[in-house]
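If you want the building blocks of each chain, they are given just below.
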Amino acid sequence: MRLEKCWFCSSTIYPGHGISFVRNDATVFRFCRGKCHKNFKMKRNPRKVAWTKAYRKLAGKELAEDATFEMEKRRNRPEKYNRDLVGKTIKAIEKVTDIRQKRQDRFYEKRMESARKQQLRADKVQLEKEVHLIKAPAGIRAEREKLKEPVRQADAKRDAMEE
Amino acid sequence: MGGTAPGKRKVGGDHKHRKTWKQQRRGEFQTRHIDQVWEDVRKPPSLVHNGKTGPMGTTAKAELDEDVPGFGKHYCIPCGKYFGTAVALASHEGERPHKRRVKMLHTTARPHNQRDADLAGDMGAPDNGPKLRTGVAAGAAEMAE
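For the protein sequence lines, the chains are A and B, in the order given. If you count by full-length UniProt numbering, then the first sequence holds residues 1 to 163, one letter each, in order. If you count by full-length UniProt numbering, then the second sequence holds residues 1 to 145, one letter each, in order.
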């Protein structure tokens, strides 16, 4: 049993899922689901289809180069069964997946940093513009008048003192 | 073309351009994919098409293939199309879609393949372990090293 990667979207294909297409020249194309298969038949280029891993790596949306990626490799030669090796491998897989996930999350956070600030600014602008959807204009005006009262009083005092 | 109904014209085609399931599947299996064409364009043309048989995958094709326009003699490598006559092929090569395709094939990077898909899926380069050296030739090579 082997877990393959989908030719189109690079997701893992578990046993019992997807379709394999074998071409005249004996190259095998494995697809995880009908969506990927149909896109392939349409002759779409995965590098240009936004939801595929190939696109995301090329566009810099995801962590593309990392040492953890070197931990998962394809080997076309069978390994002789060794109980210790199996145990160690399973533990290693868990640890490596954990580290990889953390690194990918960190990459995402960094990428979205400036986006958060932009979002906050956009939210403020929206609030200014569209607060009438939440409160009636008369009510807003009344609130603003109330807020200006202490400022007006402070100004009046200052003017009095200056005089 | 197989699969026509009795009384239907074989030449000219149905105006709704219907294909039978068999025709559709044959079409799917026999078109040359972009990654094959990308390699074809970079090989010497005689290796791809020698004026007798077509490159249709790697299945050995008989000379003068009846199923293909012009018996497979006139083939445009970048476009993967057969033409009925040499004149037809020549006039095709002067056309814009052909020129665009040639330019595209020569300027774009190698098309997506399984190796790219694996790398994008967070795998490393394939590792088949240390090379197994057996036999006299290998032993001689080791000695030379």
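These are calculated hints, taken from the structure and not from any lab test. What you are looking at is a predicted structure, and each value in this text was computed from that prediction instead of being measured. Warning: the hint list may mix true and false statements.
Facing chain B, a subset of chain A residues (Cβ under 8 Å, in silico) [claimed, not checked]:
hint, residue
1, R2
2, S10
3, N24
4, N45
5, R47
6, A54
7, K57
8, K61
9, F69
10, R74
11, D98
12, R103
13, K124
14, R141
Note that CB positions come from ideal geometry on N, CA and C, so glycine has one too.
Hints breached by this structure
1, 8, 11, 12, 13 and 14
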